[in-house]
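A.B. asks: Each chain, letter by letter, is given below.
2 protein chains.
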Amino acid sequence: MREDTAPEAPRGRGLSRRGLIGGGVAAAGVAGAFVAGRASEASPGESREGAAYPFRGDHQAGIVTPAQDRLHFAAFDVTTKSRAQLIALLKAWTEAADRMTRGLDAGAIGAVDGDSRLPPDDTGEAIGLPPGGLTITFGVGPGLFRDADGKDRFGLADRQPEALQTLPHFPGDNLDPARSYGDLCVQACAEDPQVAVHAIRNLARIGFGTVAVRWSQLGFGRTSSTSTAQTTPRNLFGFKDGTANVKAQEAAALDEHVWVGASDDPAAGWLAGGSYLVARRINMTIEVWDRQPLGDQEAFIGRTKGSGAPLSGGDEFTEPDLAMPGSDGPIIPKDAHVRVVHPDENGGVRMLRRGYNFVDGTDQLGGLNAGLFFLAYVRDPRTHFIPVQTRMAKVDALMEYLKVTGSALFAVPPGVKPGEYVAQSLFA
Amino acid sequence: MREDTAPEAPRGRGLSRRGLIGGGVAAAGVAGAFVAGRASEASPGESREGAAYPFRGDHQAGIVTPAQDRLHFAAFDVTTKSRAQLIALLKAWTEAADRMTRGLDAGAIGAVDGDSRLPPDDTGEAIGLPPGGLTITFGVGPGLFRDADGKDRFGLADRQPEALQTLPHFPGDNLDPARSYGDLCVQACAEDPQVAVHAIRNLARIGFGTVAVRWSQLGFGRTSSTSTAQTTPRNLFGFKDGTANVKAQEAAALDEHVWVGASDDPAAGWLAGGSYLVARRINMTIEVWDRQPLGDQEAFIGRTKGSGAPLSGGDEFTEPDLAMPGSDGPIIPKDAHVRVVHPDENGGVRMLRRGYNFVDGTDQLGGLNAGLFFLAYVRDPRTHFIPVQTRMAKVDALMEYLKVTGSALFAVPPGVKPGEYVAQSLFA
Numbered sequence: 060m061r062e063d064t065a066p067e068a069p070r071g072r073g074l075s076r077r078g079l080i081g082g083g084v085a086a087a088g089v090a091g092a093f094v095a096g097r098a099s100e101a102s103p104g105e106s107r108e109g110a111a112y113p114f115r116g117d118h119q120a121g122i123v124t125p126a127q128d129r130l131h132f133a134a135f136d137v138t139t140k141s142r143a144q145l146i147a148l149l150k151a152w153t154e155a156a157d158r159m160t161r162g163l164d165a166g167a168i169g170a171v172d173g174d175s176r177l178p179p180d181d182t183g184e185a186i187g188l189p190p191g192g193l194t195i196t197f198g199v200g201p202g203l204f205r206d207a208d209g210k211d212r213f214g215l216a217d218r219q220p221e222a223l224q225t226l227p228h229f230p231g232d233n234l235d236p237a238r239s240y241g242d243l244c245v246q247a248c249a250e251d252p253q254v255a256v257h258a259i260r261n262l263a264r265i266g267f268g269t270v271a272v273r274w275s276q277l278g279f280g281r282t283s284s285t286s287t288a289q290t291t292p293r294n295l296f297g298f299k300d301g302t303a304n305v306k307a308q309e310a311a312a313l314d315e316h317v318w319v320g321a322s323d324d325p326a327a328g329w330l331a332g333g334s335y336l337v338a339r340r341i342n343m344t345i346e347v348w349d350r351q352p353l354g355d356q357e358a359f360i361g362r363t364k365g366s367g368a369p370l371s372g373g374d375e376f377t378e379p380d381l382a383m384p385g386s387d388g389p390i391i392p393k394d395a396h397v398r399v400v401h402p403d404e405n406g407g408v409r410m411l412r413r414g415y416n417f418v419d420g421t422d423q424l425g426g427l428n429a430g431l432f433f434l435a436y437v438r439d440p441r442t443h444f445i446p447v448q449t450r451m452a453k454v455d456a457l458m459e460y461l462k463v464t465g466s467a468l469f470a471v472p473p474g475v476k477p478g479e480y481v482a483q484s485l486f487a
Numbered sequence: 060m061r062e063d064t065a066p067e068a069p070r071g072r073g074l075s076r077r078g079l080i081g082g083g084v085a086a087a088g089v090a091g092a093f094v095a096g097r098a099s100e101a102s103p104g105e106s107r108e109g110a111a112y113p114f115r116g117d118h119q120a121g122i123v124t125p126a127q128d129r130l131h132f133a134a135f136d137v138t139t140k141s142r143a144q145l146i147a148l149l150k151a152w153t154e155a156a157d158r159m160t161r162g163l164d165a166g167a168i169g170a171v172d173g174d175s176r177l178p179p180d181d182t183g184e185a186i187g188l189p190p191g192g193l194t195i196t197f198g199v200g201p202g203l204f205r206d207a208d209g210k211d212r213f214g215l216a217d218r219q220p221e222a223l224q225t226l227p228h229f230p231g232d233n234l235d236p237a238r239s240y241g242d243l244c245v246q247a248c249a250e251d252p253q254v255a256v257h258a259i260r261n262l263a264r265i266g267f268g269t270v271a272v273r274w275s276q277l278g279f280g281r282t283s284s285t286s287t288a289q290t291t292p293r294n295l296f297g298f299k300d301g302t303a304n305v306k307a308q309e310a311a312a313l314d315e316h317v318w319v320g321a322s323d324d325p326a327a328g329w330l331a332g333g334s335y336l337v338a339r340r341i342n343m344t345i346e347v348w349d350r351q352p353l354g355d356q357e358a359f360i361g362r363t364k365g366s367g368a369p370l371s372g373g374d375e376f377t378e379p380d381l382a383m384p385g386s387d388g389p390i391i392p393k394d395a396h397v398r399v400v401h402p403d404e405n406g407g408v409r410m411l412r413r414g415y416n417f418v419d420g421t422d423q424l425g426g427l428n429a430g431l432f433f434l435a436y437v438r439d440p441r442t443h444f445i446p447v448q449t450r451m452a453k454v455d456a457l458m459e460y461l462k463v464t465g466s467a468l469f470a471v472p473p474g475v476k477p478g479e480y481v482a483q484s485l486f487a
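Here the protein sequences come in this chain order: A and B.
Start counting the first sequence at 60; every next residue gets the next number (this note's numbering).
Start counting the second sequence at 60; every next residue gets the next number (this note's numbering).
None of these hints come from the bench; they were simulated from the model.
Take these hints with a grain of salt, some might be off.
Since the list gives no way to pick out one identical chain from another, each pair is judged satisfied if it fits inside one copy or across any two copies.
[What the hints assert, rightly or not] Below, in silico cross-link-like pairs of lysine to any residue (SDA-like), each with a Cα-Cα straight-line distance of 25 Å or less:
#	residue 1	residue 2
1	462	237
2	462	209
3	393	314
4	140	424
5	150	172
6	210	406
7	140	219
8	462	423
9	150	346
10	306	168
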């Protein structure tokens with residue numbers, strides 16, 4: 060839970076925001092207060108609900124937090140050789156993230172106050188914006204532990220989790236190294252992209268000289284629900300996505316499939332209560348997809364496009380009947396996506412997906428450079444992702460319309476407790 | 060004004076949206092109705108105001124319409140040689156745009172109904188979403204009139220406006236041809252990026268075989284207000300931008316600076332009531348900017364970062380006093396942005412700006428590939444843009460932090476009247 064904190068300077072001068080959240084998830088009243096605080100800056104049509112989520116807790120925020128609608132994700136290379144400098148950065152990131160998720164400037168001086176002969180400690184583009192439901196989630200990649208030659212970089216090599224290795228090459232992978240890998244990652248999710256971009260930008264600014272952005276990805280239109288209170292959104296195939304996602308309300312399933320257990324890996328006890336994050340940039344050939352008959356699209360997915368019900372009948376949340384016969388084989392085809400990734404066909408494993416749609420301009424063939432930025436939190440990628448992805452790459456009918464252009468795996472440390480810095484258990 | 064229309068099928072099956080907007084700008088009640096119509100699909104936290112703007116009118120929507128917060132902009136190359144096919148596309152685009160701005164599927168059959176042996180006539184990712192304040196604005200580039208050798212392409216050469224030429228090279232331009240130019244353009248603005256992306260995608264789908272996407276650009280965080288009811292947003296320099304913009308309420312200024320007059324160009328009477336759209340992709344070196352002292356940043360802009368007041372005093376909307384002396388020359392420096400682009404220093408010309416912030420991942424130096432996608436509507440680029448840009452490129456202190464990577468100029472036909480198709484006056 061969040062520490063109690065005395066009131067601090069809000070973003071920018073002259074705002075009426077006077078108090079701060081005392082703790083817990085923001086209730087409607089708090090959100091309302093932030094919107095009111097912005098009234099002098101925003102026209103009525105602009106104001107959005109300004110939820111705020113605590114940065115500190117048992118688990119990092121941004122995993123089971125109800126998926127916000129916008130994403131800015133960045134992977135960093137660590138450029139320093141100094142362990143002390145790395146730790147100093149993590150401390151500075153912790154403080155800035157804690158502040159920004161409250162709707163404050165990244166630093167105590169702020170964007171527009173302080174000595175005008177010095178650079179501000181906030182970049183200012185979020186002045187007057189409410190917290191926007193911002194969560195900031197940090198992860199560490201395999202490269203933080205060992206360099207390309209296997210050499211220990213920061214005295215952490217003996218603490219590298221066995222499961223934290225560069226993901227194997229899968230059929231259909233066409234990876235761009237400039238969109239893959241990374242020593243550290245930051246996932247910033249918010250309801251307002253300006254808030255998410257502001258967070259990543261300020262963390263990158265703070266990290267100047269210690270880390271460099273390796274790649275970053277914007278996303279819009281969350282493609283999964285992480286709470287039973289959310290409806291299922293649609294991906295760029297036009298289908299509902301993530302119906303069977305692990306949800307925040309499923310405590311037992313989270314323990315089984317998402318959170319790393321205390322004895323999962325003797326070398327990596329520091330990761331208990333954390334998770335693994337798989338990030339995959341999946342381009343969709345949407346122009347080709349759009350020319351497929353509706354019936355074929357539904358057969359590829361195994362669900363109807365309208366309601367999202369499985370082809371075996373019922374509504375969106377009806378369990379697919381994988382055995383139900385159709386006119387030619389099962390009614391949910393052998394290569395239908397919903398079958399290929401179904402837990403019953405994958406030893407019961409589930410993932411907490413948290414992906415976003417993306418459109419990054421145009422590709423060289425005059426199509427949209429668009430698709431799904433797949434993010435999934437799992438307890439162990441060796442059991443919960445690699446086998447499923449291997450199977451999918453081999454038999455899933457959707458693969459014809461997908462090209463994976465980026466890939467990364469990170470270990471996501473447990474939550475940051477009061478007084479701690481992010482990933483402190485790794486260095487302890 | 061919009062034609063009255065009988066109720067049509069809403070996006071997707073099973074939605075409760077029963078009526079359509081009869082005409083005029085959506086009032087709060089209409090917006091509320093759309094939100095209510097989405098209730099079965101959306102959680103309370105997701106619902107947004109669902110304004111709808113009429114597609115048809117004296118001027119195209121998306122110019123003086125209160126600037127929405129998200130953008131998807133696409134430029135197209137025309138690949139057909141057939142004038143009839145080009146006109147057929149414009150008719151089909153008109154119908155689809157008219158439908159989508161009402162919150163309907165792009166086509167009459169829709170995303171999930173009709174013969175399952177055929178591709179749907181909507182791609183489906185906007186099922187259940189309200190209109191989202193969507194506007195779709197069309198323009199034509201110089202390349203529509205003549206090919207690279209100057210040959211008449213579609214019997215339109217004698218109707219090419221004199222002002223519609225490829226923009227000259229400006230100092231500081233570092234143009235990527237793959238992000239510049241285009242025979243046609245479509246600006247889709249909405250409060251929800253999924254709605255804007257859906258619009259561009261479906262227009263591209265409809266244009267398959269006739270046009271190809273040349274480039275496209277997503278934007279978030281409008282950087283201008285086009286209505287006095289809107290507050291001034293911030294660009295990625297962290298400053299308020301567009302304070303002195305031409306606003307929808309300034310009818311005389313719109314006639315003087317934005318709308319093409321009936322006798323402006325004898326060859327291009329078809330453009331009367333239209334405008335010219337300048338599109339410039341302006342990368343900002345934000346990492347360098349972020350290391351500049353606050354006082355220097357304010358001197359470059361000529362305004363304070365907090366309130367946006369000119370350095371000569373007052374509040375955001377106080378006119379800058381360009382003559383007020385400072386300790387060393389005028390208090391608003393000679394090379395300050397606000398001075399360089401001020402109408403008093405540019406023969407009184409003003410623009411209607413409608414730009415957006417963008418972040419397109421990472422550049423090769425580990426910085427954010429970010430900046431301002433500048434969009435400005437002007438009555439004549441020869442008087443209202445080229446001289447100002449030339450001056451700015453030469454003397455503006457900001458230029459050190461800017462690199463223009465994309466550029467295009469389009470003529471934006473007048474509004475589409477009932478029964479007409481977009482740009483009909485060009486072909487009449």
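A.B. asks: All hints are to be evaluated individually against the structure, with a verdict given for each.
C.D. replies: Checked hints:
no., hint, in the structure
1, 462 <-> 237, "both (16 Å within a copy, 22 Å between copies)"
2, 462 <-> 209, "neither (30 Å within a copy, 40 Å between copies)"
3, 393 <-> 314, "neither (31 Å within a copy, 63 Å between copies)"
4, 140 <-> 424, "between (42 Å within a copy, 19 Å between copies)"
5, 150 <-> 172, "within (23 Å within a copy, 55 Å between copies)"
6, 210 <-> 406, "neither (36 Å within a copy, 65 Å between copies)"
7, 140 <-> 219, "within (18 Å within a copy, 61 Å between copies)"
8, 462 <-> 423, "both (15 Å within a copy, 23 Å between copies)"
9, 150 <-> 346, "between (46 Å within a copy, 21 Å between copies)"
10, 306 <-> 168, "neither (39 Å within a copy, 35 Å between copies)"
Comparing the model with each numbered hint stated earlier shows that hints 2, 3, 6, 10 do not hold.
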